[in-house]
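J.: These are the residues of each chain, in order.
Protein chains: 2
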Amino acid sequence: MSSKNATQYHKVEIPPPQPFLKSLKNTLNEILFADDPFRKIRNESKTSKKIKLGLIHVFPILEWARDYKLEYLKSDLISGITIASLAIPQGISYAQLANLPPILGLYSSFVPPLVYAIMGSSRDLAVGTVAVASLLTAAMLGKEVNAVENPKLYLHLAFTATFFAGLMQLCLGLLRLGFVVEILSHAAIVGFMGGAATVVCLQQLKGLLGLRHFTHSTDIVSVLRSIFSQFHMWRWESGVLGCCFLFFLLTTKYISKKRPKLFWISAMSPLVSVIFGSLFVYFIHAQFHGVQIIGELKKGINPPSITHLVFTSHYVTLALKTGIITGVIALAEGIAVGRSFAMYKNYNVDGNKEMIAFGMMNILGSFASCYLTTGPFSRSAVNYNAGCKTAVSNVVMAFAVAITLLFLTPLFFYTPLVVLSSIIITAMLGLIDYEAAINLYKLDKFDFFVCLSAYFGVVFGTIEIGLMLSVGISVMRLLLFVGRPKIYVMGNIQNTEIFRNIEQYPQANTLSGLIILHIDGPIYFANSSYLRDRIGRWIDEEEDKLRKNGEISLQYIILDMSAVGNIDTSGISMLEEVNKIMGRRDLKLVIANPGAEVMKKLSKSKFIESIGKDWIYLTVAEAAAACDFILHTAKPDSPAKVSGIPQLNNV
Amino acid sequence: MSSKNATQYHKVEIPPPQPFLKSLKNTLNEILFADDPFRKIRNESKTSKKIKLGLIHVFPILEWARDYKLEYLKSDLISGITIASLAIPQGISYAQLANLPPILGLYSSFVPPLVYAIMGSSRDLAVGTVAVASLLTAAMLGKEVNAVENPKLYLHLAFTATFFAGLMQLCLGLLRLGFVVEILSHAAIVGFMGGAATVVCLQQLKGLLGLRHFTHSTDIVSVLRSIFSQFHMWRWESGVLGCCFLFFLLTTKYISKKRPKLFWISAMSPLVSVIFGSLFVYFIHAQFHGVQIIGELKKGINPPSITHLVFTSHYVTLALKTGIITGVIALAEGIAVGRSFAMYKNYNVDGNKEMIAFGMMNILGSFASCYLTTGPFSRSAVNYNAGCKTAVSNVVMAFAVAITLLFLTPLFFYTPLVVLSSIIITAMLGLIDYEAAINLYKLDKFDFFVCLSAYFGVVFGTIEIGLMLSVGISVMRLLLFVGRPKIYVMGNIQNTEIFRNIEQYPQANTLSGLIILHIDGPIYFANSSYLRDRIGRWIDEEEDKLRKNGEISLQYIILDMSAVGNIDTSGISMLEEVNKIMGRRDLKLVIANPGAEVMKKLSKSKFIESIGKDWIYLTVAEAAAACDFILHTAKPDSPAKVSGIPQLNNV
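If you read the protein sequences in the order shown, they are chains A and B. 196 is the number that the UniProt record's numbering gives to position 196 of the first sequence; each next residue is one higher, with no gaps. 394 is the number that the UniProt record's numbering gives to position 394 of the second sequence; each next residue is one higher, with no gaps.
Note that these hints are calculated values from the structure, not bench results. Honestly, I wouldn't trust all of these hints.
When chains are identical, the list treats them as one kind, so a pair holds in a single copy or across two.
Calculated cross-link-like contacts (lysine-lysine; reagent style PhoX-like; alpha-carbon spacing at most 25 Å) [said to hold, decoys possible]: (1) Lys-486 with Lys-442; (2) Lys-486 with Lys-40; (3) Lys-143 with Lys-580; (4) Lys-74 with Lys-261; (5) Lys-49 with Lys-548; (6) Lys-299 with Lys-389; (7) Lys-152 with Lys-52; (8) Lys-46 with Lys-257; (9) Lys-580 with Lys-545; (10) Lys-299 with Lys-580.
Quantities reported herein were computed from a predicted structural model and do not represent experimental measurements.
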């Protein structure tokens with residue numbers, strides 16, 4: 001390495017002290033207001049403008065409605081009608097999945113989209129119910145209340161759960177606790193969604209095979225057992241019809257996937273299936289040959305349901321639990337979808353604001369006979385592809401659905417259930433994202449493991465088990481990162497003053513007589529014992545090696561603290577302990593580049609005094625140069641003792 | 001900054017690929033065998049020697065017994081008898097605290113120390129029961145089984161809990177899961193111990209005031225209410241006697257603290273108190289004047305209790321829960337004590353081996369009428385001060401206790417309970433380590449908060465609540481560190497190529513046209529949204545500032561990844577997203593010094609291709625130099641576009 005004059009050392013600074021309250025405020029700010037949402041409002045000087053910006057902050061419609069152009073309306077009309085044609089059959093299907101009256105699927109596509117249009121900040125999100133949350137509602141509520149035996153209570157609990165989900169979403173948004181959904185990692189979501197889609201497809205076998213009784217469990221074992229034990233009840237008519245529609249739907253989907261311009265083919269195909277299916281049943285009276293039909297749907301738009309919310313019975317905890325879990329799942333999907341499309345079009349979606357919008361739309365929805373809604377990926381993608389410009393497409397969809405509710409519900413009388421099952425299966429197959437799973441395997445084995453756990457947890461256990469498993473394992477990974485930080489030896493890259501990991505840069509040279517250890521993480525109670533042991537082991541191994549080769553014995557241990565983000569009191573005790581142990585082994589501990597947080601705490605403790613403040617260097621290069629300098633100016637047979645070294649002016 | 005020739009850039013290496021199984025093995029090794037306990041055995045070539053070293057590994061007595069010298073025996077005899085004189089009154093007191101027959105305290109000082117002498121690796125640890133675990137046993141078992149109404153079941157459950165505690169300790173040790181106790185941070189232990197000591201002292205008011213009925217709750221409110229509601233039952237004779245002994249014990253403790261050489265004064269004082277107290281009662285018949293006495297103690301050494309273990313009744317889960325919680329607490333104290341004294345004398349204590357020793361001693365103890373034992377701090381400190389050399393002092397203590405059990409138990413008939421209360425209070429006051437708490441406040445506010453939570457959780461709630469609170473908050477801190485990593489701007493330190501945090505080094509200069517951001521932690525799913533928002537905010541703020549000052553607009557964002565220990569798939573997606581967003585804002589993303597783990601994953605993803613591999617630099621200095629070079633050679637009115645930059649040979 002390049003030789004250095006001992007007078008060039010730089011001082012390590014202790015950052016200026018900050019009053020406790022100020023630093024607490026900063027920390028809370030970083031946790032809750034990382035994206036500084038009020039920057040614009042704060043920068044504005046006039047109060048009237050401030051109020052106006054505040055209103056826009058809460059109701060984004062005020063901003064985009066002002067600039068709304070007539071040419072947008074054409075695009076929004078087309079996309080609105082397209083998503084309505086998808087929303088109607090999908091809404092009915094998902095309501096059936098949730099064991100709720102089919103009409104609820106239509107109600108849920110009327111009120112919530114209108115609320116979102118006023119409060120939401122995404123231009124591409126199309127509001128509606130989702131399969132996974134629907135199934136989860138059925139699974140959770142169904143455990144305690146039978147939807148067939150007690151449909152009224154079940155329905156009211158579904159509204160209550162929706163209300164609680166909305167309330168929770170609203171609170172998370174208002175309290176800026178949006179980061180709670182971050183606990184669902186990408187890998188966990190891939191596995192969880194895949195598992196849920198598999199389970200939902202399995203549930204559809206009931207409809208496809210025309211079965212009337214079915215297990216309430218969602219795991220694959222119970223479902224298959226239920227299906228094969230009813231082998232004699234299978235209706236081939238229903239099965240054949242289902243396969244035909246499935247083939248049609250999958251083909252249209254394939255075409256649209258190959259040619260994104262033909263998106264409308266797959267968007268329209270569910271409605272086409274419903275129409276053809278209904279006509280088919282009507283003309284050949286298939287309802288008498290094993291093909292189950294929807295039957296009568298009530299005419300008229302959403303009846304109020306605010307008086308049906310259940311807050312007193314002992315089922316309220318069930319509704320609360322259901323609401324919270326389904327609400328979080330729905331939130332995660334809705335926000336991810338909004339963000340993805342915003343990224344394509346280069347605008348911003350504020351997660352916390354979206355939560356408030358979702359919360360309001362579910363609270364108001366629960367007052368108007370809707371159940372849990374969010375921004376489903378499939379519907380939003382169709383909306384985006386259809387060229388929507390603003391949330392007006394949601395308004396168009398809402399009115400199209402309202403017209404259906406007012407005048408067209410009788411047309412669904414003959415719609416065969418098997419068509420709905422086919423629609424659900426087609427939508428679900430797209431959620432089993434095996435390519436993403438393969439990619440996870442290639443990139444990160446641990447993420448793949450999380451994904452698999454979520455998948456198998458959902459498929460062989462319950463949806464909740466899958467969720468808990470994936471969240472638990474993901475969190476364990478974070479703890480493991482802190483608990484077992486990497487610690488590696490650094491070497492000098494030839495002809496430079498750069499020191500790097502010798503595993504990553506095998507050409508880097510270690511220096512004789514000293515070992516440089518880089519700690520790759522914070523020093524906390526959870527890892528201080530480990531770090532102490534591991535540092536000890538590095539020294540032992542290095543000494544063994546030197547002894548074998550008959551080289552100069554170890555004299556200095558340089559700890560590179562560049563990557564040590566923080567240290568707690570257990571960590572400081574550990575460093576003091578390491579320093580004492582080394583002192584007894586005639587080794588000198590040297591610290592390189594402690595960061596602001598670490599330096600602040602070390603300076604408050606007595607650690608700096610005990611190692612000597614001259615032994616803290618700004619860079620690894622300077623620390624190594626200083627040690628090297630002492631090593632080679634001291635006589636080889638009398639190793640430089642700590643007390644005897646020349647004073648360096650690095651302070 | 002010093003100007004650099006563009007040809008000097010160094011390549012960032014991708015570490016050589018490792019087979020999955022090998023890297024998994026390495027990871028597991030780091031988690032479970034961080035201290036490489038079998039190094040000596042592995043390095044040995046002969047099988048016979050390997051077996052010998054293996055036996056020594058399991059039974060450390062084989063090693064030190066060989067080198068045992070007669071001169072050690074004198075020291076061990078003195079210290080053994082000293083700790084026995086402390087162990088007898090303390091054992092009886094703590095057994096009473098656990099609502100167990102007093103004789104159990106003596107039994108527990110006979111068998112377990114012998115087991116530990118054979119298997120333990122600490123030379124200074126003195127084995128015995130501890131106050132906190134005793135109280136915890138009483139609190140947990142007492143919730144479901146009343147010790148007064150059903151003493152037999154209560155006793156058997158205590159044995160069973162001890163068995164389970166030992167089994168868990170053994171399993172943790174064998175599976176090398178010793179790091180589980182690391183979840184108790186230093187701060188949590190300070191608060192928890194202080195709280196437990198406060199609670200134990202409060203409990204002693206029962207004995208001091210001669211009360212016969214007392215609450216089963218441990219929180220301060222219930223205890224004070226129980227005491228003051230029985231005001232008319234207070235016995236002044238008992239109170240006066242207690243205060244006298246308390247004064248005596250505290251004085252002797254104070255003397256020993258001031259003059260460590262006089263350690264024997266405080267070590268002997270409990271026994272002296274017991275003797276004087278018993279004589280006092282005997283001669284003035286104080287037992288008829290409100291002074292409660294121990295009464296009859298059975299003669300003879302430990303009766304077997306293996307047949308009393310309860311595995312079938314429905315209380316087994318209670319015993320299991322009690323065993324696990326008390327076992328972990330006992331383990332944490334024992335290992336910390338062993339380590340502390342080992343550090344003073346410069347030898348090593350292997351936590352996992354200690355766990356096996358503790359586990360065996362509790363399992364065998366539970367077969368021989370002992371309840372939970374560990375290495376209490378007070379007794380071990382006396383042992384150390386008395387000059388013990390090896391675990392023979394434990395053997396001496398065990399035999400001294402055995403002689404007491406065989407011949408001297410009748411002497412304790414008249415021992416007043418109030419003396420035992422005084423002994424406990426004196427021991428407990430030493431555990432309220434307010435100085436450590438003040439130190440925590442100075443060093444680390446968060447640790448202080450953890451400490452306070454533990455303290456108040458124990459004092460106002462229950463011991464379990466305090467424990468859960470402190471562990472929960474400590475773990476939350478770890479998650480918060482990962483969830484909200486620091487991200488700061490770096491500047492150049494004049495006349496060097498060193499870049500540092502401009503908050504810590506206010507003299508560091510930022511460069512115009514580029515911003516250097518240092519990410520101080522891993523990039524995981526839990527922080528990727530935050531980092532994206534935060535990077536965006538840094539850019540917004542920087543652009544606002546530049547616009548105000550009319551300076552050159554921002555062109556480059558350099559991300560210093562030196563401290564990014566790892567990245568997961570969510571993190572990679574975030575980087576890709578940031579890169580896309582920046583591309584649209586005409587900004588160029590540059591990466592500096594990605595570590596081995598990060599580089600490996602980035603190279604497997606398409607991220608490197610999308611930012612261009614020429615934009616990854618080995619150091620911040622090189623990245624900054626390259627950007628600066630392009631900025632100042634390109635015309636100011638036509639910013640260097642990504643496609644138009646000169647090719648740098650840094651690959």
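J.: Taking the hints in turn, state whether each one holds.
T.: These are the hints, each one checked on the structure:
1. In this assembly of identical chains, Lys-486 and Lys-442 lie within 25 Å of each other by CA distance solely inside one copy; the values are 22 Å within and 29 Å between copies.
2. With identical chains, the CA atoms of Lys-486 and Lys-40 are at most 25 Å apart between copies only, with a shortest distance of 24 Å across copies and 42 Å within one.
3. Neither within a single protomer nor between protomers do Lys-143 and Lys-580 lie at most 25 Å apart by alpha-carbon distance, with minima of 60 Å and 46 Å respectively.
4. Taking the shortest Cα distances, Lys-74 and Lys-261 sit within 25 Å of each other inside one copy (17 Å), while across copies they are farther apart (94 Å).
5. With identical chains, the CA atoms of Lys-49 and Lys-548 are at most 25 Å apart between copies only, with a shortest distance of 21 Å across copies and 77 Å within one.
6. In the homo-oligomer, the alpha carbons of Lys-299 and Lys-389 never lie at most 25 Å apart, since the shortest distance is 32 Å inside one protomer and 92 Å across protomers.
7. For the identical chains of this complex, Lys-152 and Lys-52 are neighbours neither inside a copy (45 Å) nor across copies (75 Å), given an alpha-carbon limit of 25 Å.
8. In this assembly of identical chains, the alpha carbons of Lys-46 and Lys-257 never lie at most 25 Å apart, being 51 Å within a copy and 67 Å across copies at closest.
9. Proximity of Lys-580 to Lys-545 under the C-alpha cut-off of 25 Å is restricted to the intra-copy arrangement: shortest distance 23 Å within a copy versus 49 Å between copies.
10. For a Cα distance limit of 25 Å, the shortest separation of Lys-299 from Lys-580 qualifies neither inside one copy, at 82 Å, nor across copies, at 48 Å.
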